[in-house]
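J.: Spelled out from the first residue to the last, the chains are:
Number of protein chains: 2
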Amino acid sequence: MPRPGASRSGGTGDPAGPASQPGVTRRRLLGTAGATGLALGAVGTAAGYAAAGSGDPDTAPLTSVGAETAVFHGKHQPGILDPMQSRGHLMAFDLAPGAGRKEAAALLRRWSATAERLMAGESSASDTGVALDAGPSALTVTFGLGHSFFARTGLEKQRPVALDPLPDFSSDRLDKARSDGDLWVQIGANDGLVAFHALRALQKEAGSAARPRWEMTGFNRSPGATARPMTARNLMGQVDGTRNPKPSDPDFQQRIFVPDEPSGTGTAEVPGGGSPRWMAGGSYAVVRRIRMLLDPWEKLSVTEQEAVMGRHRSDGSPLTGGGETTEPDLEKLGPDGTLVIPIDAHARISRPDQNGGAAMLRRPFSYHDGSDGKGAPDAGLLFICWQADPVRGFVPVQRKLDRGDALSPFVRHEASGLFAVPGGAERGGYVGQALLEG
Amino acid sequence: MPRPGASRSGGTGDPAGPASQPGVTRRRLLGTAGATGLALGAVGTAAGYAAAGSGDPDTAPLTSVGAETAVFHGKHQPGILDPMQSRGHLMAFDLAPGAGRKEAAALLRRWSATAERLMAGESSASDTGVALDAGPSALTVTFGLGHSFFARTGLEKQRPVALDPLPDFSSDRLDKARSDGDLWVQIGANDGLVAFHALRALQKEAGSAARPRWEMTGFNRSPGATARPMTARNLMGQVDGTRNPKPSDPDFQQRIFVPDEPSGTGTAEVPGGGSPRWMAGGSYAVVRRIRMLLDPWEKLSVTEQEAVMGRHRSDGSPLTGGGETTEPDLEKLGPDGTLVIPIDAHARISRPDQNGGAAMLRRPFSYHDGSDGKGAPDAGLLFICWQADPVRGFVPVQRKLDRGDALSPFVRHEASGLFAVPGGAERGGYVGQALLEG
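Chains as they are written, first to last, in UniProt numbering: chain W, 1 to 438; chain X, 1 to 438.
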């Protein structure tokens, strides 16, 4: 049965996401699409409630958070260009012993069908009821494939070179049990029960084909909690994401997504530039669970924190002046003759033009898993970045940060994953179909 | 510096909370109260941004989630009658060795001052900046005192009899490390960063006076995610809280709150009815971390689940018909001659009129802490109920449920706490002052 969905443009979502740019919004008006049960209900009653058999008259069309809807089908998968949501789950699965290409294809077909239904505000096959009463709440579900997926399915020759393991970084303290995985699922929604509902549906549908490997939960600012269309803030109190590429940038598509007709040479079989054809419209996700060492960080004065970042904490503006998006003046000296933005400031070292123009689209969640058992908070960033090629995106930036970032003493990378995220499924198709049926 | 707050009535919050009833709303218009920095800012710029030194013109008054504000001072503490928020943290602390009455009083004074500031959308003493840009987002902070608090502070004679340990229940599987505690803090907000910001501020201000004992994080439906003003739904997919007492009930105040002039005899020194005088306007909170065994639960058909509950899953209506708030017909027989609402149905056994009129106000959060390491979800309910006397509220209901509830095989009580929650602080005063300076 459909759940309530009423017409509303979703263009007013989180400003940190680039989807509010003209031309790239994936949102749509639900309008009549959600009204299949209308004939059963009272006038003015949202479709879902009528279908649920309720005669309750105090229903109304969804006009806010619940009504926002992302679309499953398209050139790219959802959850990349959509505004960041207030609630997120990341899960990795490994194919079960004995499961191969056939089982993986059936699983991705099941998962894709469920993702489509849930994102439209409909129920899944054996629904738990947890999302009843709620609208889609901007739910997105995104699927990725890890390096190990290709050997398990006999598809090594199709494995993108871009999935070659990330280099080791000296500051890594990686927990293997919470890293990597054959399959990766990203869930985002602006309602905690809607997100949990999707998580349980996908877990159950893994069935005997795949076993859970790891699971993480995160959050972002709620829509409407802030008045200013401002970049997100992280648990260190810092504005985070100021220099994210924008869909209006001329090279945005080529930096973030694999082209529609990739060179077809970038596989394990024939290394070379680009990505294999089955990755057309896809992207690569680097996932890092970055613990923030908040106790020492919060002992710094605001001035000390700002020297580490190179930006003002209040509004993210560079220490050399202006607003959040003003270019930092990296040469500017203070009255004492030293650089205003210190030589090891995070904002200096992570700048794209300091890294050969490397660009990645960061779309993270914060996380907070209580205390670490020693009294310190187990909290930080579920860093997720998107790029057409990790070797040009994440790797050069992280190499620089690893060597000389003033922020390094306050963060610790505790888990890591790299996933090929195929292009969006066609109507009637499923994510990964071009690979698995290619 | 103040954070942005603009005028809006908060009366449209979560319908499961009783605060939308006339006469009991604790919300207020922030209006000019939040505008102390206005002279510094551009016309039309929200106060907080101006005070933060930003010249950014694209600011606007908060008109939605962020603007909602609960008040700290009053007859009762916040977080009891306020609408349920989408995000919650529960924390318990133990007083540090050597800390006694004096340190406890200083701590509750510090905490109360910070709670007041943060709930008004202002910064705390050494602010982390995490809530910058956000409005108060309906933040509430509530403080409670556990049984052990009174011996630690030399105040045994003032200890309410109502804090005597709860009886053991046969279905309890309690983890002592996550139960009880000298001090209890409940945080709720409609934004995850605002809630986390408050948690960190209060943890830091515990200083050397108190050490964290346990910490739990929960969530509820986001405001606006559902169109119907409906009772909350839990992670079993069930409507939960239908029979909550309402502020309009004639006996609401006396069932939930200690009277303004209690008998003064209900202490450890002089047992008797009622509560001690220092608890005037207070309430008792029973906190239970109730794990839901979702794997077996979700294997039941909807019909089987409905027989366990005695209510329809779709809308919470009794199996004997009507809407969510219709009285169940407990005598009604089906065509096969058996009770339509089974003899052990949860809705039958938990009914107040089956328990001597016991009434408690339930105001829970759901929780989901990933997997339990054996592949099952570590998820369920952070059950919190409020009553003037736990022996008339929680205890008789739980005793009945413990014996014969059809729901019992699907839930497991894993942690428990019982806390005396004093009345609200007076302006210039702090929570617990009547006890600690009495």
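Keep in mind that the hints are not guaranteed to be accurate.
To be verified - Taking lysine-lysine pairs in the DSSO-like style, the calculated list, with each CA pair at most 27 angstroms apart, reads:
id : chain 1 : residue 1 : chain 2 : residue 2
1  : X       : K246      : W       : K204
2  : X       : K176      : X       : K332
3  : W       : K176      : X       : K374
4  : W       : K374      : X       : K400
5  : W       : K374      : X       : K204
6  : X       : K299      : X       : K176
7  : X       : K204      : W       : K299
As the list claims (entries may be wrong) - According to the in silico footprint, chain W covers these stretches of chain X (three or more CB under 8 angstroms from chain W):
id : region
8  : 128–137
9  : 200–213
10 : 220–228
11 : 373–387
12 : 406–413
What the hints assert, rightly or not - On the chain W side, residues computed to face chain X include the following (Cβ under 7 angstroms):
id : residue
13 : R228
14 : L235
15 : R313
16 : G370
Hints listed in this document are in silico derivations from the structure and should not be mistaken for laboratory results. Glycine residues also receive a C-beta, built at the ideal position from the N, C-alpha and C atoms.
J.: Check each numbered hint from earlier against the structure, then list the numbers of those it violates in ascending order.
T.: When the structure is compared with the hints, numbers 1, 2, 4, 6, 12 turn out to be violated.
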